[in-house]
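Please put together the full structure from these sequences, using the hints given.
Here's the letter readout for the chains.
2 protein chains.
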Amino acid sequence: MKIAEAAAASDLSVDTIRFYEGEGLLDPVARGSDGHRRFSPRDLRWLSLFQKLRATGMPLAEMKRYADLARAGEATYTERREMLEAHQGRLAAQQAKIDACRSLLDEKVRIYRGLEEEVAGKPG
Amino acid sequence: MKIAEAAAASDLSVDTIRFYEGEGLLDPVARGSDGHRRFSPRDLRWLSLFQKLRATGMPLAEMKRYADLARAGEATYTERREMLEAHQGRLAAQQAKIDACRSLLDEKVRIYRGLEEEVAGKPG
DNA sequence: GCTTGACCTAGAGTGACTTCAGGGCGGTAG
DNA sequence: CTACCGCCCTGAAGTCACTCTAGGTCAAGC
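Chains as they are written, first to last, in our numbering: chain A, 1 to 124; chain B, 1 to 124.
Any given hint might turn out to be false.
Copies of the same chain look alike in the list, so a pair counts if it works inside one copy or between any two.
[As the list claims (entries may be wrong)] List time: in silico SDA-like cross-link candidates among lysine to any residue, alpha-carbon distance up to 20 angstroms:
#	residue 1	residue 2
1	K64	M83
2	K108	A70
3	K108	R54
4	K97	S48
5	K122	A75
6	K2	K108
These are computed hints drawn from the structure, not numbers from a lab.
Spelled out as structure tokens, the structure:
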């Protein structure tokens, strides 16, 4: 699978994928005889994981740490789990922000609708 | 109200508040005789709004546009409402990302727990 | 054989802060 | 009175995570 397909499948940009490889999040990706990257299903699963973690606010350094731990084998299960649990906490915080923003926007939109009607009803 | 209090109340940093004023999101803030900023309740409401919008991914340029429209008066009600509605769409997208990440993490954490037990149960 | 399109690298540019360096003012402890 | 502390000021440099640009390779289609 080449990079454009990997990008489409993982919901990352091709630039971001190259950047992540450069940062060492992914092991160096295999290359075809043309020098182009060939992504394995395993690479793909990593990219999708990175996409989800980043999209919800995990810093790159932390994703790197997680990837390094995964390379280190079964001795790191506990630390890896703890990292994911810490990120679950971040999800909850994000959720709270979304909820707060949603209720504010719902009200403001309602208010604007009222104001627009008022303006429309003005004589003149 | 001075800047540290405004920061605590709006959940922004003092640096971010100064930065937002510099970018013209806020009208120039009143100053005391000591040259320090004095934030009005109105400033505070704007800052809280900006905090909520930024925390959920609205770009600065868009918040600036919204603030400029608000300065322009009632002729801009409709455009302002449409901007907020567009942001409601962003909230939904964020929500989807959080949900996708949450279900992945729930599963991964469950799996790690199983693996940790397995390792713990090994002889030797 | 020439163009088109997807890929390559290295490096510059961007958005939204954050940190730093250097300095002022007001209160209080010595 | 002055030394220090804490909070504030400005302008500029630094950071994070991309994103875009310039210049180049290569296989395939006309």
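Each hint tested on the structure:
Within a single copy, K64 and M83 get their C-alpha atoms as close as 12 angstroms, which meets the 20 angstroms cut-off; across copies the closest is 37 angstroms, which misses it. Within a single copy, K108 and A70 get their C-alpha atoms only as close as 46 angstroms, which misses the 20 angstroms cut-off; across copies the closest is 13 angstroms, which meets it. Taking the shortest Cα distances, K108 and R54 sit within 20 angstroms of each other only across copies (16 angstroms), while inside one copy they are farther apart (30 angstroms). Taking CA atoms no more than 20 angstroms apart as the test, K97 paired with S48 passes between copies only; the shortest distance there is 12 angstroms, against 24 angstroms inside one copy.
Taking identical chains as interchangeable, the C-alpha atoms of K122 and A75 lie at most 20 angstroms apart only when they sit on different chains, with a minimum of 13 angstroms there against 72 angstroms within one chain. For the identical chains of this complex, K2 and K108 are neighbours neither inside a copy (46 angstroms) nor across copies (27 angstroms), given an alpha-carbon limit of 20 angstroms.
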